[in-house]
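Start from chain A and add chain B according to the hints.
The listed protein sequences correspond, in order, to chains A and B. First residue of the first sequence? That's 0 in numbering that gives the first Met the number 0, and the numbers climb one at a time after it. First residue of the second sequence? That's 0 in numbering that gives the first Met the number 0, and the numbers climb one at a time after it.
If you're looking for bench data, these hints aren't it; they were derived computationally from the structure. The beta carbon of each residue, even a glycine, is placed where N, CA and C say it ideally should be.
Covered, in the sense of this in silico footprint (three residues per stretch, anywhere, with C-beta under 8 Å from a C-beta of chain A), are these stretches of chain B:
(1) 156–164
(2) 168–179
(3) 259–271
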Amino acid sequence: MPVRQQILYLWLAEGALDTETVGWAFHDGTSGAGPQLPEAEPPYPTGLAALQQGWFLIQSPAPYALHAGAEYEVSYLANEFVFERRIDIQG
Amino acid sequence: MPATNHKLTTEEMARFVADGYLRFDALIPEAINQPIIEELRALESNKINQIFGQPADAGGPPRPASLTPLSQCYPAPSLLGAMLNLPEVQGIIESLVGPDPLFDHDFVHRLPAGSTYHQHLHVDAVVDSGDPTFDIQLFYFPHAVAPGAGGTRFVPATHLRRTRAEGVSRYQHLLGEQQYSGVDGTLMVFHHGLWHAGQPNPSDVDRWMYKIRLNPSVSQVKRWNMDDFERIHNDASDHTFALMRHDSVAQILRTMQPWQKGHESRYEQMQRARLWRYLSNDPGFDVDYYHTRIEQRGRIAGEQR
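If we strip away everything but chain A, and leave its shape as in the complex, we get:
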């Protein structure tokens, strides 16, 4: 059976994987054939909860260098964790 990837982005409150989800995005390589997630609320309360439900972490944010003069700026959400799960679908 062909395998397709589902990708889940979680933006967490802080840099630790067990902190609270504040943002999320879901991209479904199965085009709806695989299990779905709720859209109107965080699919998992923390990154750790996603791991416990079978998601595999494929990227976590590394600490980044601070640039002089911009240490207190706010920009993109820093605590971006990316997960995947691979779904067997009917060929």
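Below, chain B alone, put in the same frame as chain A:
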């Protein structure tokens, strides 16, 4: 000025600094809301014709050019001009960007019934400058918009984040995001940096919204109704971890949105304090001592050189 009695309060200004928007339900009277659709329809046609190099012959008022003072845009008998000249609207505009700002651009956003048009979150224009000045964008909804019926989606308090316009499209959902719905004649005013997105309109009613961006042409310092300023404008000692007030500008600026959790919110507070310093012309203003602590040590370091 007709705006004198309709300017924003200090408390409203502080909420704008914290959240990046203010909302005024049913501000525009029905005498404008109902007939203005025909004028918006003509403007929309003319704009589209212009984009495609066709004659702008749909009628309606002449379209202003960028850099035109607002007072010269949409002269009578334009209903858009009448809306923009309402004392209540002038009071909001003048409080935020000073008298007679410059026309940047406007656009009629009509979402036909059943439209599946869907935007990612974005910031208008390009990555922002580093100074605290700002433009405003008025979002005028002449007709009622039911929940989920194509109202603009936006994320409160994202306005001070310096990002590329398209760089925030990766965030499908953030805690505390809102999708506009409301009654006839509601006006929202956004800081230009607020993240927002157009949404589908699954209803059977066309959704109309008129958006106009205005640039300040003078300093934005203390343009609002100052009656409550001395009462709630705090000094730098208003500090959660020492002695704090619950009735101050600082208390409004330390109120976070659901997506702003953890230590990250301290940097948000610093950015809000920086904007309030500009608006209030008080370089010593602070929220929870973050700027003051660092600046005090900086002065000492400077003295020892």
